[in-house]
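Take a look at the letters that make up each chain.
Protein chains: 2
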Amino acid sequence: FLFIYLFLHSATPTEELNGVGNLMDFLDEPFPDVGTYEDFHTIDWLREKSRDTDRHRKITSKSKESIWEFIKSLLDAWSGWLVMLLIGLLSGAETRPLMTSLTRDTPTHDIRDTHSLHQRHTHSSHQKHTLMTTEIRVYLLNYFLYVLWALFFSFLAVSLVRVFAPYACGSGIPEIKTILSGFIIRGYLGKWTLLIKTVTLVLAVSSGLSLGKEGPLVHVACCCGNLFCSLFSKYSKNEGKRREVLSAAAAAGVSVAFGAPIGGVLFSLEEVSYYFPLKTLWRSFFAALVAAFTLRSINPFGNNRLVLFYVEYHTPWYMAELVPFILLGVFGGLWGTLFIRCNIAWCRRRKTTRLGKYPVPEVIAVTGITAVLAFPNPYTRRSTSELISELFNDCGALESSQLCDYINNPNMSRSVDDIPDRPAGPGVYSALWQLTLALVFKIVITIFTFGMKIPSGLFIPSMAVGAIAGRIVGIAVEQMAYHHHDWIIFKNWCRPGADCVTPGLYAMVGAAACLGGVTRMTVSLVVIMFELTGGLEYIVPLMAAAVTSKWVADAFGKEGIYEAHIQLNGYPYLDQDEFTHRTLATDVMRPRRNEPPLAVLTQDSTTVEDVETLIKDTDYNGFPVVVSRESERLIGFVQRRDLILNIKNARQKQDGVVSNSVVYFTEDAPQIPASNPQPLKLRRILNLSPFTVTDHTPMETVVDIFRKLGLRQCLVTRSGRLLGIITKKDVLRHMAQMMNQDPESIMFN
Amino acid sequence: FLFIYLFLHSATPTEELNGVGNLMDFLDEPFPDVGTYEDFHTIDWLREKSRDTDRHRKITSKSKESIWEFIKSLLDAWSGWLVMLLIGLLSGAETRPLMTSLTRDTPTHDIRDTHSLHQRHTHSSHQKHTLMTTEIRVYLLNYFLYVLWALFFSFLAVSLVRVFAPYACGSGIPEIKTILSGFIIRGYLGKWTLLIKTVTLVLAVSSGLSLGKEGPLVHVACCCGNLFCSLFSKYSKNEGKRREVLSAAAAAGVSVAFGAPIGGVLFSLEEVSYYFPLKTLWRSFFAALVAAFTLRSINPFGNNRLVLFYVEYHTPWYMAELVPFILLGVFGGLWGTLFIRCNIAWCRRRKTTRLGKYPVPEVIAVTGITAVLAFPNPYTRRSTSELISELFNDCGALESSQLCDYINNPNMSRSVDDIPDRPAGPGVYSALWQLTLALVFKIVITIFTFGMKIPSGLFIPSMAVGAIAGRIVGIAVEQMAYHHHDWIIFKNWCRPGADCVTPGLYAMVGAAACLGGVTRMTVSLVVIMFELTGGLEYIVPLMAAAVTSKWVADAFGKEGIYEAHIQLNGYPYLDQDEFTHRTLATDVMRPRRNEPPLAVLTQDSTTVEDVETLIKDTDYNGFPVVVSRESERLIGFVQRRDLILNIKNARQKQDGVVSNSVVYFTEDAPQIPASNPQPLKLRRILNLSPFTVTDHTPMETVVDIFRKLGLRQCLVTRSGRLLGIITKKDVLRHMAQMMNQDPESIMFN
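Sequences listed follow chains A and B, in order.
In terms of UniProt numbering, the first sequence opens at residue 1 and continues consecutively.
In terms of UniProt numbering, the second sequence opens at residue 1 and continues consecutively.
Since no wrong hints were added, every one of them can be taken at face value.
One copy or two, either will do: identical chains are not told apart, so a pair holds if it fits within one copy or between any two.
Derived pair list, reagent style BS3-like, types lysine-lysine, alpha-carbon separation capped at 27 Å:
1. K558 to K279
2. K279 to K62
3. K64 to K558
4. K62 to K558
5. K558 to K58
6. K616 to K729
7. K616 to K653
8. K558 to K708
9. K279 to K729
10. K72 to K558
11. K708 to K279
12. K72 to K279
13. K729 to K708
14. K62 to K72
Derived from the structure by calculation, the hints contain no laboratory data.
Here chain A stands alone, though its shape is the one from the complex:
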């Protein structure tokens, strides 16, 4: 039905592409567009906040007038929770079609049975020749169908993205981080993006590419959040408040993606959000709760559990096992560094060479290679979540998979009670080889997959790499413990009747380490992992691996994959790293030494024509207002948009305002002779509390102020005299310069 909806609406995609921008209702504003921002501009958090406080005060004072107004004020106060409820419900409900389609559409499903039949037969080698050829024919047919379906799905996905919603590609988390830090990307969270991303996500995952659906689900949840924001003027008209909702929506997204509500809240806090006050924490918590609740009502895994990869291990872990766990952490850190470097290098090549012009052939080619290489190996053929699930699993008594093919020899020379671990059978050894191949394949192909023009998440592939490596290490440790059970370190590991080592636990730890190396999460990672698996007992191994992985990866480069993509795309994102250079505000501010002086307005000597010329000649977002050009004492700051709108309005409606009317920013316009034209009083739009620093302020303080207060610009003064201006982009440019990067490379491109 999504397709029907899509085709019904495809007649007018261009008008709709701007997303929710059109859904806003500006009618009851004094002038339309006052206080909105243009596309690809930075918002001013302080201003948004004080606008919201004004609105709140207005409603509170009105609420005492009548019961109706009181009810309206209550509704307004509760609209935040209502939006959270809606987001939780919708993102919880979204999972249903996603889950079902994914399992129905995966091409491997129809083929597995035939294949396992085939495999069983090849093992017993004295079969008739005719059966063999039939089998080979069936295998080849399956192979062909597998590749064909994969190509078809991925072609459909990339075409839909190209045609209807170019923003629906990738994981979306870098862009959401940027948006949450206070940047405007119109349409990125629009309803077309929502629709297309949901549809193409199913297709992309079904095509068997090495990608996950968790990151995109966060994007989808944020689109839902944005959609619901447009229902309430409190959120649709205030970019600051809107971002509070989006932070909570990101939490709800992870909550449904992994069935991990607490992990979702922490992910939003640690990885995605920029400002995360306690109020947003509680709201996110509520949204995640509702989402988890909805998910549980839907019961997608059919086991009354929220948990995606439920594990149950029967043996505790031993202190000595921390050594392999920490080694897995080191591996995770190294893989994270390798992945980020290679992926960024490849994405940069895509951006700068002609490769970027052919996204559809690129996707087709990668899908083709993936499908051709993945099919022969049973561990890469199945869907990645199933692979992870199998790797996490403990080998119970009834487990029949290849990985659990241990030799149960009743005539063993040693007594069974002493050494409950069993020697590995041929199945385990062949599984080990296949897993090693799968590991290499996954490592390489994921580098090329992430960043293509289809929705693609990174959580599941990273976890798969870690789980494979972990399981291999786990089996190795287990066999060592079996063959050298007399070594001092293995002495106390085994109790009668139970396995000594749980290879599944190693897979879990490895998955956490790799995910940590790529994303640099710590707390949220551990919480997500134990919410995913229910393995609360294994919190110390998980934490040890996560911390090691972060340390190792940070030693090679501070950026996680999301920050690296933000920088690659040149979004103006002011990250939390400390600025340690010894520069002052005066080194960063504009105008520089040999530039023309700052474009300023005077409080009582500029004419309307002067202002209009200034607006035409420059593209600054606002202008400082000073007492006079001689004294240069700052009195305020006026927004470009507000100036344009007010002058236009005054020229239309207000009598006597002509080109040589004087614009007054003072409290009272002086008495003027009747011969002079009517003055234009604009104190109303003057921001009387612009943010200022002195020219001697160290840049580390300026950066801190920009980051913590979310400023758009800041004026530089020396003992009251205006010297210059610093914008957020100036700060970013300066930071890039200090890190020996090309300052122009960091701007949005």
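Following the hints, complete the assembly by docking chain B onto the known chain A.
Relative to chain A, chain B alone:
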């Protein structure tokens, strides 16, 4: 051995009482005491941060000089992690003596067996009279001993606190919150407090009072953190950096108190810390990991688990059960409100009346009443953690406690398969009565206990109240489901062979709700609860109860118990609530309209004598420096301490500086005639980037800036002219005024 240590050191308690203040080593500073703060003063976060950046830059530039300096810089960089490691190890290790002494010292232990013997006998009522009297005599003797031991322990505890470390009383969390927000309370985290609090905590818990050890353990961990800070000049000399360590120490404290490392990090984030950047998050995570690891190595619960109250329920929960869960949430919210109101009223009475002068008799009286009333009821007689543990427990087949006394009638009229729930036996009914009495008793006595002059935590008593209420509700629902199993809502609850309702789960949910109502935690509460119990499956019920409880409690008053105590004690704590009043900076700044003008210095016309007079006449922490008294254009801000030290130093060492030397704050002192005395150049100590706002800045913005940047004061200007100053205390006073409180009541008293 603690006592021996204590008596060995008790000879010099007064010198030591100032705590770690004395441990600092000022020798390599240019002037001693430069950049430190006085007791009960607010720190300036921006200044601390920029001092740390300076230090860091110095070390980095030095590190290129020699290998030794490079190693020193590496050590400096890793000292943060090293401190975390030490904190984790020490707070993990601290738990050992605490746990063992607690279980050994609890007076109930020796008596339980005799008592249960007694009870069994009274039930079978046709016993000989002599045996009865013996039993009564034993019972009375036990009763007497119980009360006596309780009195002895509590007397010892309160005396130790009174004599050696007055700061060791209470839970410590309100004060730690205040300290972390940037306030100096010397000795609060000193080593005497650490020692005495550890000893008296054991005594207080052993005395059977209605208090827990979790809050005080956070205080103890923070003392450890402060102790380790003094080992590294990076932390001992920078109040901002020191607070980063303390945040992490609080996390480690909760981590060991509950065996909940993730919960600890979140508790520090949500409840205790003021600034919690991601770097601190990761460090806290590491400290909590080490603490949990140490705890696990020590294995205090003897079950290889970190979990304090491990539960294992066998039945899932049903949607309809959310109704009682939410009702428990409402109960939790109401109890939280009631507790906070009554406790604050009682504490205020203690502060204002003569009651506060007799802390020792008060503790003795409360202990006496507690012991006398607690002994007859088996549920209040045992230690509170044991009570909670029993209430959380599911009734297994082998459970023999009173609470699990269900009737197993094989001749039941209904078929057993249909209704696995069993009717309650007389034991359950008598348990219900005793629990109800215990509930009332706990509710009342906790109000009077929290805030006395002994270490007392609130977590365990709150959880106990909730667990009792929850268990009662749970049994009620269970019996309803049994007696009315044909009602539509109970239709699908029961599966053959399993209980339909788990009363233990209700106890768990109730405990979470009550704890949430008192402390207003949400995310950290749920995480702590499921780390405590291992009940990851019950995340949705726990979240629902926590959110409801917070909503209900917030409807009656926004403050949690810790904020309420902060306000009661008048600490200068700027909380995160939004300031919505319509005042401007000009309404708050000093001087007010009819006050004398601001005490300022001029840049080149003040003499040393003028400065000294100003310092003597006023007690301001610093003075703005202006161009001249006429223009009043601001050029900087100078700290009082720096002025005093520099003038003193100049008078001693620098030739020619006399009383009528002119003090210059300009870059170059002008050429002066030789007849004039040598000038004193003080630009070095002038802060050239004081923080300014205009007089039209709305107070909501000013509050936001103070909160986010952690300012100590802020200058108010209008077009470059200095008008006044706003300090953090002015902001707090104004906020109190706006909330119709007495502004003077909020200052530290």
